[in-house]
Amino acid sequence: MGEKRTDLLRGTLDLLVLKALSLEPLHGVGISRRITQITKGAFQVSFGSLFPSLHRMEERGWVEAEWRTSENNRRAKYYRLSSTGRAQLRVEERDWNKVVKIMAGAVQST
Amino acid sequence: MPKRIMYLFRNLFRTRTVEQELNDELRSTLEILTQEKMRHGLSPSAARREAQLELGGVEQVKEEVRAVRTGRFLEDVVRDIRFAFRALARSPGFTTVAVLTLALGVGANTAIFSLVHSIVFRPLPYRDPDRVVWVGDTDKKNQAGQVEITQDPVTSETFQEWRRQPGPFENLAAYHAFFTYLSYNLTGRGEPERLAGIEVSQSLFPLLGVNAAVGRVFQPGEDRPGATPVVLLTHGFWQRRFASDPSVVGQTITLNDRACLIVGVLPAAFDFASVFSPGARLDVFLPLILDKETRSYGHYLGVLGRLRPGVQIVPAQQQMDALAQQEHARDPYSVDGVWLLPLKARVVGGVRSSLFVLLGAVGFVLLIACTNLVNLLLARGSSRRKEMAVRVALGAGKLRLVRQLLTESIVLGVFGGLIGLGMALLGVPWLSRLSTIPIPRLVDSRVDSSALAFALIISITTGILVGLFPALWSYKPDVNEALNDAARGSTGGSHRLQQTLVVFEVALSLILLVGAGLLIRSFWNLLQVNPGFRPEGVIAARIDPGNKYGRDQRLVTFFNDVLLRVSTIPGVEAAAYSDTLPLDRFRIWTLMPKGSTYRPEQAPEVFPHVITPDYFRVMKIPLEQGRAFNDRDTADSPGVVILNQTLAKRLWPNVNAMGQMAKSGGRWLQVIGVVGDVRHSGLDKKAGSEMYLALPQFPFGFMDLVVRSNVPPEALAPAIRQAVWSVDPNQPVEHFRPLQQMVDTELSPRRFSMWLLIAFAASALLLAAVGTYGVMAYAVAQRTREIGIRLALGAQRRDVLWLVVGQGAVLALIGVATGISGAFGLTRFLSGLLYEVKPIDAISFLSVSLLLIAVALLACYIPARRATKVDPMVALRYE
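Chains A and B supply the protein sequences, listed in that same order. According to the working numbering, the residues represented by the first sequence are 86 to 195, in order. According to the working numbering, the residues represented by the second sequence are 5 to 883, in order.
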């Protein structure tokens with residue numbers, strides 16, 4: 086993934102992470118796999134981007150972290166959406182839809 | 005937000021836990037990934053390798069996470085500071101020079117700022133000080149264009165008249181303006197002592213908002229004629245004489261043979277003298293009682309007024325003008341006119357300009373210090389080009405580098421500032437203890453919180469400014485070029501800047517040196533002034549018998565008895581009395597020549613001195629005509645007067661003054677002699693009209709005994725004291741003053757500003773020399789190869805010497821020329837401090853320029869000599 090492209094996707098990464106966590110708490114690998122799954126394999130988030138995003142959102146209070154034992158009896162750090170995170174998800178979804186509509190219109194207008 | 009703060013603290017102070025957790029998280033991620041790969045059928049080792057590949061470099065991920073943490077900026081700052089410390093510690097020579105240079109600049113600036121702030125800006129320590137005004141009696145028409153009026157006391161009649169009128173004032177108060185001349189003999193409590201005291205009206209303390217520290221201040225009525233005598237002690241006197249014993253309040257002490265009740269002790273912070281008569285000392289405050297007798301004292305009251313709330317000074321002035329005109333119309337002797345001046349302007353008006361000059365001068369010193377530092381940093385920057393280039397090559401952002409370099413210079417600034425602050429903390433108390441210098445509020449000067457803030461701000465600002473220049477200038481790193489290292493020529497840009505800076509600092513130091521030179525010349529001129537008397541070898545002692553002998557023959561006999569015994573002390577050449585010593589106090593009588601056409605209110609104003617026959621011999625004042633007083637000039641003989649030359653010429657411009665008649669103090673006097681002029685009001689002020697009167701004909705309550713001898717004052721003082729005590733064992737004689745010391749005190753404010761300016765100019769010269777040396781030495785080092793080639797091609801050592809010295813000389817000359825044009829513009833701000841020197845004085849300008857050029861050439865010569873020692877073979881191989 087090139088430098089330019091990460092920049093483009095920086096705004097969308099937070100949205101994808103929030104979206105991935107909206108069903109259930111997940112650890113880092115889980116989030117990565119969920120994003121691949123919900124984007125039908127289009128995005129493969131590198132951990133070098135994922136962890137900074139998670140930690141930033143944790144400090145902002147959008148997600149909360151907790152150490153739990155995983156399905157395979159491993160201790161892992163699980164992230165869970167907080168109520169502010171949930172609200173943030175709604176805001177970002179709305180904004181995203183707006184951008185998509187505008188951009189789609191703009192691209193088709195020629 | 006509180007969450008962010010929590011994380012901030014966690015990230016900054018529990019870094020270990022945070023890092024540990026991050027580490028755990030990445031490790032567990034790696035394990036989860038490995039298990040996942042194994043479930044897909046990979047062997048454990050292959051799975052682990054794949055997992056590591058997917059996770060990416062653990063350290064990189066960690067760094068990415070750290071970069072988004074709250075408080076990352078602060079962490080970087082801390083890291084930069086640590087790094088700066090290490091970098092500075094690696095070059096201790098550079099660091100020492102830089103820190104000391106800054107310390108000098110910041111220290112001098114903080115010290116002078118403290119003085120200016122304490123003396124000029126800090127409000128006077130009174131209640132609502134802005135409403136307190138000085139009310140002087142002066143004819144404003146005669147003072148046109150003159151800002152500073154020092155002789156404007158008010159008569160007791162006028163003061164009482166003003167106080168009766170409802171005018172613009174909430175309150176008016178008066179004090180004995182010539183209080184340094186008052187003395188109170190403390191007797192009955194151990195050794196008799198002469199106390200310095202002042203009479204103030206009861207309203208003074210409430211007007212200033214000052215309360216007693218122990219007991220109370222004066223009560224209404226205590227300053228009316230016939231009131232029970234009371235006294236207030238100053239804090240210093242209370243400590244010194246009564247060991248701070250609070251029970252003295254309520255006791256009585258005997259002052260001038262009168263029992264006075266001690267009603268209170270004034271607070272330590274109330275230093276009346278430092279504001280109203282700097283350099284003086286005060287022990288006691290007594291009520292100012294205005295009665296019939298004080299009406300004959302003339303203009304002797306200093307008057308303060310507190311304006312009513314909301315009243316401005318201009319309408320108040322108009323109101324008082326009207327009042328003064330009415331009075332003047334009724335009684336022309338009583339008042340000339342009135343002028344109102346904010347008290348602070350009156351108090352500090354005289355020293356403001358010299359303080360501001362000093363502040364400007366230290367500003368220059370700081371500028372020069374900064375210039376030097378920029379030069380040092382530029383040189384250091386060039387030698388670190390490679391280090392910087394390596395960092396850029398390794399991925400450091402340019403902003404990051406600039407920030408790092410700025411941190412370094414700010415650390416330098418703060419260190420320099422701290423040492424400078426230490427210098428100011430030592431220096432200002434030392435300056436403020438020079439308590440004999442008559443500079444108002446000097447004794448209260450200290451490094452206060454504003455000065456601390458000032459020091460902090462200038463050191464950090466200096467650090468930033470000084471660092472910004474070189475950081476932006478020399479780090480436009482073309483990585484390849486710098487790493488290739490062939491790029492010697494590429495520092496040419498910064499070298500040009502360095503040369504400009506040398507020119508700049510030479511110019512600044514020239515301006516400071518010219519200023520110091522002008523002050524030295526003024527001071528020298530003043531020392532050459534003939535004051536009209538010879539102070540060396542004369543000591544003075546106040547003899548004040550109080551009311552013991554009344555004001556008649558008994559008093560004169562007492563004085564004469566003392567004089568007789570003092571004259572017989574071995575080593576005494578001559579002894580006499582005067583009631584007004586030169587450079588001491590001032591008063592005005594009138595002298596009306598017989599048959600003159602002066603209207604009464606225009607009678608010539610004359611400064612009278614009451615003396616005994618040998619006064620002119622003691623003071624070595626030349627007798628130009630006629631005779632001095634002698635023993636036959638008694639109370640009953642015809643009245644006689646001796647004039648100074650100025651007065652003789654003024655009253656009788658066309659005829660000889662000898663034998664003429666004139667009237668003063670209601671008595672006809674014949675002129676029996678004319679003596680040389682004495683500079684009575686200051687060495688820089690020409691003599692006014694003065695006359696001398698004979699003590700028996702004008703008996704005065706207290707006198708200054710003046711004794712000329714070849715015995716040192718310490719040895720003479722006990723003998724004089726014994727002589728006085730043999731006449732009256734209860735007569736204290738405390739205070740012996742060498743006349744030379746009075747002259748020195750008179751000169752001390754000038755001496756004060758002169759020495760400070762000399763110190764600053766010398767620092768400037770030193771810094772400029774160091775700066776020039778540094779730049780030239782650096783230039784030589786940079787040109788080693790070129791010089792080597794020149795030598796190899798046959799250039800003589802002498803040519804190389806000239807090459808370097810010539811380059812330095814050109815810089816010095818440009819700097820001197822720039823400085824001279826700057827000095828032309830700036831020295832006029834000094835004109836108020838100069839004496840018989842023009843602000844544009846060829847001698848000062850020329851000598852200072854030569855001095856500076858010589859120093860600059862010396863600073864170039866050392867590196868130039870080093871250049872001639874270059875070995876061509878070594879130089880050519882040099883890197």
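In short, the hints are calculated from the structure, not lab data. No experiment lies behind these values; they were computed from the predicted model shown. The beta-carbon is built from N, C-alpha and C at its ideal position, and this holds for glycine as well. Be careful, since some hints might not be right.
[As the list claims (entries may be wrong)] If the Cβ cut is set under 8 Å, some of the chain A residues that face chain B in the computed set are:
no.	residue
1	Pro110
2	Gly113
3	Val114
[Said to hold, decoys possible] Calculated cross-link-like contacts (lysine-lysine; reagent style DSS-like; alpha-carbon spacing at most 27 Å):
no.	chain 1	residue 1	chain 2	residue 2
4	B	Lys7	A	Lys104
5	B	Lys66	B	Lys402
6	B	Lys402	B	Lys390
7	B	Lys690	B	Lys653
8	B	Lys390	A	Lys104
9	A	Lys183	A	Lys104
10	B	Lys41	A	Lys125
11	B	Lys689	B	Lys653
12	B	Lys653	B	Lys598
13	B	Lys624	B	Lys552
14	B	Lys296	B	Lys390
15	A	Lys104	B	Lys41
[Claimed, not checked] Just the calculated beta-carbon pair ranges, DEER-fashion:
no.	chain 1	residue 1	chain 2	residue 2	range
16	B	Gln24	A	Thr169	22 to 30 Å
17	B	Thr21	A	Met188	27 to 35 Å
18	B	Arg94	A	Thr169	47 to 55 Å
TODO: Have a go at the proline 110 (chain A) hint: is there a Cβ in chain B nearer than 8 Å to its own Cβ?
DONE: Proline 110 (chain A) check fails; min Cβ-Cβ to chain B is 14 Å, beyond 8 Å.
Open item on the list: Checking one constraint from the list: CA of lysine 624 (chain B) to CA of lysine 552 (chain B), max 27 Å. Satisfied?
Closed with: Violated. Lysine 624 (chain B) to lysine 552 (chain B) sits at ~32 Å, over the 27 Å cutoff.
TODO: Would you mind confirming whether the straight-line C-alpha gap from lysine 7 (chain B) to lysine 104 (chain A) stays at or under 27 Å?
DONE: With a Cα-Cα distance of about 23 Å, the restraint between lysine 7 (chain B) and lysine 104 (chain A) holds, given a limit of 27 Å.
Task: Hint consistency between lysine 402 (chain B) and lysine 390 (chain B) [alpha-carbon to alpha-carbon, up to 27 Å] - done: 14 Å, holds
- [ ] Evaluate the given range 27 to 35 Å for the C-beta pair formed by threonine 21 (chain B) and methionine 188 (chain A).
- [x] About 44 Å separates the Cβ atoms of threonine 21 (chain B) and methionine 188 (chain A), which means 27 to 35 Å is violated.
- [ ] Please work out if lysine 183 (chain A) and lysine 104 (chain A) have their alpha carbons no farther apart than 27 Å.
- [x] Roughly 17 Å separates the two Cα atoms, so the pair holds.
TODO: Could you grab the alpha-carbon distance between lysine 690 (chain B) and lysine 653 (chain B) and see if it respects the 27 Å cut-off?
DONE: 15 Å, holds
Task: Hint validity - valine 114 (chain A) Cβ closer than 8 Å to any chain B Cβ - done: Cβ of valine 114 (chain A) sits 5 Å from chain B, so the hint holds.
Open item on the list: Hint check: lysine 689 (chain B) vs lysine 653 (chain B), CA-CA at most 27 Å. Holds or violated?
Closed with: The given pair, whose Cα atoms are some 18 Å apart, holds under the 27 Å limit.
Open item on the list: Would the hint linking lysine 653 (chain B) and lysine 598 (chain B) be met if the CA-CA limit is 27 Å?
Closed with: 15 Å, holds
- [ ] Using Cβ atoms only, decide whether glycine 113 (chain A) comes closer than 8 Å to chain B, and label the hint accordingly.
- [x] Status holds, d = 5 Å.
Open item on the list: For a C-alpha distance cap of 27 Å, please report whether lysine 104 (chain A) and lysine 41 (chain B) respect it.
Closed with: Within the cut-off at roughly 25 Å; holds.
Hints 1, 8, 13, 14 and 17, counting from the list given before, are not met by this structure.
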